[in-house]
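Could you use the hints to bring the two separately framed chains together as a complex?
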Amino acid sequence: MADDRQSETFYLERFGVTDREVLAAMGRVKVRDVDYADLYFEHTVAESISMEESLVKRASKSISQGAGVRATSGEKTGYAYSDEITLKQLEQAAETARYIARSPAGAGPVPAIRGSRPARNLYPVALPATEVATREKVELLQKIDVLGRAYDPRIKNVMAAFSTEYKIVLIADSDGKLVGDVQPLSRLQVTCIAEEDGQRQMGTHGGGGRGAFSFFLEEGRWERYTREAARQAILNLKAVDAPAGPMTVVLGAGWPGILLHEAIGHGLEADFNRKKTSAFSGRIGRMVASELCTIVDDGTLEFRRGSLNVDDEGTPTGRTTLIEKGVLRGYITDKLNARLMGIPLTGNGRRESFQCIPMPRMTNTFMLPGESAPEDIIRSVRRGLYAVSFGGGQVDITNGKFVFSASEAYLIEDGRVTTPVKGATLIGSGPDVLKKVSMVGNDMKLDEGIGTCGKDGQSVPVGVGLPTIKVDEITVGGTQV
Amino acid sequence: MTTLDRNLTDELLAKVKRKGATAADVVAVEGDSASVQVRLGAVDKLSKAQEKRLGLRVYFGNRSAGASTSDFTPAALDDLVDTTCALARAVVEDPHSGLPDVTVMAKHSPDLDLYDGQALPMDRMIELATRAEQAALAVDPRLSNSEGADFNTSDGRTVFANSHGFYGEFASSSFSTAVSPIAVQDGLMQRDYWYAVGRKFAALESPEAVGKEAGRRTVRRLGARKVSTCRVPVVFDPEMARSFLSNLCSAVNGYAIYKGASYLIGRLGERIAPDSVTIHDDGRLPGGLGSKPFDGEGLATRKNVIVERGVLKTYLLDTYAARKLNLASTGNASRSVGEAPSAGATNFYLAPGTISPEEIVRSVKRGLYVTELIGFGINMVTGDYSRGAVGFWIENGELAYPVEEITIAGNLKDMWMHVEAIGNDLVFRGRIASPTVKIAEMTVGGE
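Going down the list, the sequences are from chains A and B.
Once you know that position 7 of the first sequence is 6 in numbering that gives the first Met the number 0, the rest is easy, because the numbers rise by one and skip nothing.
Once you know that position 424 of the second sequence is 423 in numbering that gives the first Met the number 0, the rest is easy, because the numbers rise by one and skip nothing.
With the rest of the complex left out, here is chain B (with noise of 0.2 Å):
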């Protein structure tokens, strides 16, 4: 069986050459998968997987073009080569493409913490599950059925190399715990879900810690109601807050700037948000769920301030999209395999503030907490917001009652700019992370 390995990118990379190629890189993954299901009590679903893949991507000149496969055969990367020539040579010219200049490539690559090495047996993740599943039954006795609840491990090898003779690899592994709850009342059910993730076992809270919050979660969203059409303050929850991010993270990337696809073109050294707003993405942080030592173009990643005291600082940028800008790339090329690199987020986070979520609360008379949005009814273009939302009421500073069948909506650009408070309750269950936030005002569309 053919290895991944320097000898493999190496010989790839000397095969275009012969085909006349002036440039091209490697990309490829192995990796292994496994994950079990149960539900009330009994295994579910088990599945486990080997996968491999390798993408080629090859440059003549300013055309490019790039193409993948699972099948590592000789004949078949003959093949992988044949293929990517003839698709580069179908393109036209883009004066902005290649690889990035030969200086910034980064120099080595450090150890990020990013694997663990521990195989669970079957018998093991079906027990961890159980237990979840189990933790969160028994918060209360109206959780009489259940969606089930998962546990997954996988781990793998990232292997890249360009024709500037850089080689970098890195391996890395993932745990997760996830159980989805449904709570029955009055013939009426609700669900909600809580999870874990993390890249080391050891580190991962435990089964029945996040089955409990599960269960808390569910069980409180029984008897929603809906509200009537107002404009209220709006409290997310970290995990819609964390979303709420990611939608200012696809609004700064450099390839929705450079299109003309965001609201936040031309706004570079601008306040887009108060004082109290600091955004940073960083790629280097230890045992990272978007850590990588290097980028998806072989730069060096690194921590870089997106947001700074309110005021915009930089996109996201890999080396096209920088060029594009006439910037430099901030090394958050993201790669998957086959697909021409693109920019894209590492660690992404909103720096906390300094009260608790309690107080955020407390703060509101009357508004919305949310804690699930669900729909797409964003325009990056405008900024346009509509969103179908569930959360709680809040009464004079407390959550007062669950609801549901709702809409918030607002403009992205006024919402940033009226974060009113932020929460010191952060923590990252993701590439993408953020404590509580409290909006001064959106629509909430009801009754």
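Looking at chain A on its own, in the form it has when it is part of the complex (with noise of 0.2 Å):
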């Protein structure tokens, strides 16, 4: 393959416009007093198929295809959208988007449209996951029923579900650039029941990214996400409550990044910051965590769950550095508020589909390595949790309060880890959680590719990464008074 970047023409004619369409609809809309406005299209054959009770009995696909225009306008956006791409519906949405901006009707002077290929391609698939034969997935989630119950015999039920999508993106802009790309996603996710004594727990694990199906198959990966959910569904039938109150946590490498994805990540999105609602509201080049703390948002890791090539306003995602040795650096942008803010635009404007308006949103967030062996963190400790596994969090940006909940965790006592504690909720201020990390390992690790943000009611795919930290306090909802 020499170039697997598609050209311009590609995407006209996948969705059955031509580039005089697009600036006919370009100029109703960027009319005067419209100070940006751009058409976004969209394509997506998305395909899922699951497993229980050791038969894989559900199976659907789905494609959908739509268009957006958009007009800002000062604060100001106005959005329309239609599932029919026909120059009459593109210059109706028109109309209605620019219908903000309070311009008298007729058409405004626009730029020529130039293609623009994304750098690099992130995400090169020969055969995107959607294209492999359905007897294919079939064939692997069986095998996982099969891998899962031999696990132990205590494993009664194993659920397996595969989902895949692929979308194909075009998005023209009121300056004249017209840029595409191809999405590929999968994810693949495993949950076991273990049943014992009449005591019953559930353990799940997966990964995925925008790599190929093989990639499942490669290096034991779908071997390990169904092992892994065995284990933490028997470990945890020998869990014991959980504590309550105020107690020094060390975090596992990896998935419990999404310490970082609630705490500050949602809080240095640019659209809260622009409105003053943000607990990190003017906190730029101030110390909000400790100096063992720098941390990124990188949308350009290959194949990542959360990576982009562009994002969905046409902009080659980058790596932002939120926090760098305790201070904060910056936000992360999208086209308006980087405008509207003066500040750099970071390649962060994400929407869901066709269907919504872009937002400032994360990519990949981490935090970079530091220097101590997790093995010495741990033995810091003196009594403690150690949390290695997460459901999902969430935050309050304006008060800045989160929380994440751990699936699987264990007492630290004396140096030591000891006892599994049942799940519970990990509440903390963002602001000043960050502070209060005094160790940071040097074993970084992304997590396996399951994140989904949501904002507003849009989900987008996301990464998170940690390496093993050391929080001196943080209030732990376990029911042990």
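Each hint should be verified, as a subset may be incorrect.
[Stated by the list, open to error] DSS-like mimics (lysine-lysine), calculated; alpha carbons at most 30 Å apart, straight line:
(1) B:Lys225 to A:Lys155
(2) B:Lys225 to A:Lys275
(3) A:Lys237 to B:Lys18
(4) A:Lys434 to A:Lys454
(5) A:Lys454 to A:Lys324
[As the list claims (entries may be wrong)] Beta-carbon label-pair distances, calculated as ranges:
(6) B:His95 to A:Ala372: 47 to 55 Å
(7) B:Val304 to A:Ser213: 22 to 30 Å
(8) A:Ala372 to B:Asn325: 52 to 60 Å
(9) B:Gly265 to A:Arg282: 28 to 36 Å
(10) B:Val304 to A:Ile283: 56 to 64 Å
(11) A:Glu52 to B:Ala118: 30 to 38 Å
(12) B:Asp110 to A:Glu52: 35 to 43 Å
(13) A:Ser213 to B:Gly429: 37 to 45 Å
(14) A:Asp174 to B:Asp31: 55 to 63 Å
(15) B:Pro73 to A:Ser213: 33 to 41 Å
The hints are simulated quantities; they were obtained by calculation from the structure and are not laboratory data.
Using N, Cα and C, we set each Cβ at its ideal position, and we do this for glycine too.
Shown next as structure tokens:
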């Protein structure tokens, strides 16, 4: 393959529009008093297959396409979309979008279109997973069932779901830029239910990214997901009630990076800071974390779930330092907020689909490694919690309070990891929690690729990463007083 | 343009039959929606949309699969038929799959008063949102910022047909107002919100009423502090009681039950709560946000008693989950276009008690009144419950001061068994609704 980046002609043909039609619609929307306008075309094929009770009995496929037209004028945004891509629909959408500018009718002059290919392809895939025969996916899920049940006789049910999508997007903006991208995304999730003496427990593990279907068959990945789900279910059978109250918490490497996503990531999205509704508003240049902490958002990692060649406004993604040695350095931006705030455009303008207006969103957010050995971090704790796997998290960006829920955790007693404890929610304050990070491990790991972030009703795939870290104090929401 | 009607569904069902499918159903929706957001008195966002989507599900004996598309051109629909049939041949036989029995299909489709028909111009929507935000910010001078006020409308039509010859359709609409003001004091900020939602514009609470309540809820959070870790009674306000009830709603879902993924498996006919707890799911509530004349498989919806005086009477079941459990469908098939049917609530609510929420708070000497819960710390298999909470500390029967950055923890089994009081303040603001609920004791995690 000489160059797997597609030409703009490929995209225009895919959506059945010509550059003339794009220009005509743009002329309708980019009228006087409209600062910026764009057209976003999307075609998505999605497939999902699931297995339970040893039967692969659910399969579904969906095809959706549509186009959205946006106009911004000052702080205002007008948006309209339709699932029919015709010149008439685009022009109608343009009329609605420009309504916010209250300009008189008529078309404005717009620059000619220049095709602009992404500088790189972070996720070249010869055969997208949506094109792989359903039969192969069915076989994989059946193997997962066998392996999960063989792990331990106490495993009573194995559920697995494979989902994949293949998204083709084309963005035309009022500066004349036309850029397309092809974005594959897949995920495999395994859940095991264990039962013993009338007690039941559940364990879940999975992974994915923007690679091919073969990703799951390589390096023992599907086997690892399955064994991890089974191990966690069995382990939790023996878990005791979690403690309640403030304590020292050691977070394991990888997925516990959800801490960063909730505690600081959302608070550094530019829209909240422009509106001064974030607990981090006006804190650039201030210490918001211990000097051991350097945190970045990086949308340029190959094949990662949170990565993109270009964001959903056509801006190439990048690597943005959010916190450098404890000092707050920058926000993540989309076009509207970068322009209004006069700060750099970071390539974080994302949307769930053509049905949604883009917003500043994270990509892959992680902390750079430190110098401590993970064993030394555990050894330094007399009494605490060691949390290695998490369910979801949530934050109130205005007061900065965030939670995230441990699904696999242990007590640390006298520097040793001892008894497993039941899941518990950890709660803290975003602007404070990272100041209490007193040790950072040398074992930085990115998560397996299962994260989905919700904001304002829009879900987008994201990644997180973390080395083992020690947080001197955080409130643990168990039941044991 | 293709219209969504019986001709279209008949044609699709005939096509799949020619492909050798033994049964099939079609669900399709189309609609328009519009939303405006106003922030600090100026328009922030306007959005308008037209959408349609069609899903086809086919059966080859006991093998089945579904597919959906937003492209209604004849060529795309032919592709859809081929794709769905190919997918169905790739999955394994499942003896419990298949359409409902032909004898149980809904006979008629009553008008449940779900459609308004009123289209509001954008300027009117902007005015409504503006008034709501103004009313919120006028409550207190400390309400000096805002995440904005929204006004949303949508209306649409749902069509369902299957190879038993069932065809049904209904129209529905919704209107909603939401306001999220921000209060600032001593450099610290608090946010809260309030909203109104309904199927008829004329019945919607005024923007002023919504705004005023949003302002009141937000400003009272200023000065929140932590409390010490302890075990105390917990009172859920109606919104949080609704969240607590939604956890029970998930646990009685037939799919969670047959998969063994609920803490309520095998509890049918047993006591799961005190006598004071009665829970209904009513698919026929006039104008209800979860009402529909027939369910996602074409069965008549109805009013089911889920919990009667503390005893679990039924799970929420569609045909598949019912067959797995050797029971009969409760008319609770929920269907999103393109997905297989599943079980889901219609209008699921906890019957109100006789005492006022004020009396409930007065009955607590020292405890927690919860107005917001965050996070996902619920294990449905075991019922273990641990969530972040925001609210007020109750001291001698009064809301003494706001609290935050605390957790509440327990187990859903115990929490329901220890429901100590239920308020008389039931209002429907969604498909799940609850009055104020008091739990005898939970662990509060704090300082």
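Status of the hints after comparison with the structure:
1. For a cut-off of 30 Å, the pair hint linking B:Lys225 to A:Lys155 is broken: about 42 Å separates their Cα positions.
2. A threshold of 30 Å between alpha carbons decides the hint, and for B:Lys225 with A:Lys275 the separation of about 24 Å falls inside it, so the pair holds.
3. Proposed proximity of A:Lys237 and B:Lys18 is contradicted: the alpha carbons are some 53 Å apart, above 30 Å.
4. With a C-alpha separation of about 26 Å, the suggested pairing of A:Lys434 with A:Lys454 holds against the 30 Å cut-off.
5. Proposed proximity of A:Lys454 and A:Lys324 is supported: the alpha carbons are some 28 Å apart, at most 30 Å.
6. Taking the beta carbon of each, B:His95 and A:Ala372 are about 53 Å apart, inside 47 to 55 Å as hinted.
7. Checked against the hint of 22 to 30 Å, the C-beta distance between B:Val304 and A:Ser213 comes to roughly 52 Å, which is inconsistent with it.
8. With their beta carbons about 56 Å apart, A:Ala372 and B:Asn325 fall inside the hinted range of 52 to 60 Å.
9. Range check, B:Gly265 to A:Arg282: about 53 Å between beta-carbon atoms, so the 28 to 36 Å window is missed.
10. For the pair B:Val304 and A:Ile283, the beta carbons lie near 58 Å from each other, so the given range of 56 to 64 Å is met.
11. Between A:Glu52 and B:Ala118 the beta carbon distance is about 48 Å. The supplied range of 30 to 38 Å is therefore violated.
12. Between B:Asp110 and A:Glu52 the CB atoms are about 40 Å apart, so this pair conforms to the stated range of 35 to 43 Å.
13. For the hinted restraint 37 to 45 Å between A:Ser213 and B:Gly429, the CB-CB distance of approximately 44 Å keeps it satisfied.
14. Remark: the range hint 55 to 63 Å for A:Asp174 to B:Asp31 is contradicted by a beta-carbon distance near 31 Å.
15. Range check, B:Pro73 to A:Ser213: Cβ separation about 36 Å, and the 33 to 41 Å hint holds.
In this structure, the earlier hints numbered 1, 3, 7, 9, 11 and 14 are contradicted, and the remaining ones agree with it.
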